[in-house]
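K.L.:
Following the hints, put chain Z in place on chain U, whose structure we already have.
One letter stands for each residue in the lines below.
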Amino acid sequence: MKKKIILGLITVIAITGSVAAFSAFEAHIINVTAHIENALRVIAPEEMTFGTVFPQEKMEELFLITTSDSFCAPDQTRVTSIDYKIVQKPKPIWPIPENCELTGLQEVTLDEARVYCHQYSEDLECCYPSLCPYLSKTIIDPDPEPYTDYGVPAFHDPDDPSSIATGTIDKFEDPEDFWLIDLDVPCFEGMCAQDWTHQGWELDPALESEIFGCDLWVEVTGIYGGILE
Amino acid sequence: MSKIKLTLITIGVIVALLVVVQIVNAAKYKMVVNVVEGENVMGVNPLADKLDFGDLSRNNGMTRYVTMKSSGGVETYVMVWKFGEIADLVKLNKNNFVLESGEEVKLAFEIQIPPSAPIKQYSGSVWIFRLPRIF
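Protein chains in written order, with our numbering: chain U, 1 to 229; chain Z, 1001 to 1135.
Since the hints were made in silico from the structure, they are not lab data.
Just to be clear, a hint being listed does not mean it is correct.
No farther apart than 30 Å at their CA atoms in a straight line, the calculated lysine-lysine pairs in the DSS-like style are these [claimed, not checked]: (1) Z/K1069 with Z/K1003; (2) U/K89 with Z/K1050; (3) U/K3 with Z/K1005; (4) Z/K1094 with U/K85; (5) U/K2 with Z/K1003; (6) U/K85 with Z/K1005.
This is chain U alone, in the form it adopts within the complex (with noise of 0.2 Å):
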């Protein structure tokens, strides 16, 4: 009985050091490292659709950014403070059109779609006509001084780094930034109403009765003020 006793504590330490030599053996070969980011990205609501609109008319959609219930626990003291940024793309048509090049390629995933778009934004039997420049994004009740909250007006060039609408969220100070993402419809050049005011913006009547489209979505670009670990 002893010794039954004594070869299986043998056998149970052979196999536990086989098992943890082998785990170090093996991490040391293939050193693959792997960590999460603390950058994030929020996908604007599918459901943000202006649906059909006319010249010169306004539409608005109001989101929130927070913090979050695990951020806010009382005891997560690492970090209290999000920069983060609204980012804005052309939108591919999806899913994708016949007469697109990519339906050619296999297995062309919506992310891949994206990519296209945003290098080709001018492929109009792929990507929607850009929305862009046409959506402004304003912080609705601004905060107190020091500002962190910046918004950027409709009619803006979306490729200029100054067009990215920017803000902050504390979980102490400042937990949460409502954003209204107005639509400001451009008219069509040559039918523009007599106070039209955004003179250079109007759109070729070509795309009249056409689908516009833009990629929102709100990116963690920096966190701190806490206990860093």
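P.N.:
Frame of chain U, contents of chain Z only:
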């Protein structure tokens, strides 16, 4: 004990050992999302201790990233397994692929909250296996 039986037991032990080693070496993260009331609510938690998708209202989505970097001398086969009730909501941009030596890859875990999702917390885990590609 016959030789065949002994050989089979030895092979079984080695295979079991290799499986255990892979499980031990896998990168394991918790995943969690809190589906909340309201419209267009995006509560974020960018901390990197777990794949926390924060508080999201229905129809919203979020992407979190895991960066994998190979500094070893051999190619590595990467395989990702998702578990738990959150698993069906999370899509992965890349799975079952080979990571070359010196290569860096960003895995995107995208969650999309369906319009019919009940208001509650969904949780689960993700295991990222890193298998040496010997053959």
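K.L.:
Run every hint past the structure and note whether it holds.
P.N.:
Here's how the hints hold up against the structure:
no.: 1; hint: Z/K1069 with Z/K1003; verdict: 44 Å, violated
no.: 2; hint: U/K89 with Z/K1050; verdict: 29 Å, holds
no.: 3; hint: U/K3 with Z/K1005; verdict: 23 Å, holds
no.: 4; hint: Z/K1094 with U/K85; verdict: 26 Å, holds
no.: 5; hint: U/K2 with Z/K1003; verdict: 27 Å, holds
no.: 6; hint: U/K85 with Z/K1005; verdict: 64 Å, violated
Violation of the numbered hints given earlier is confined to hints 1 and 6; the remaining hints are satisfied by the structure.
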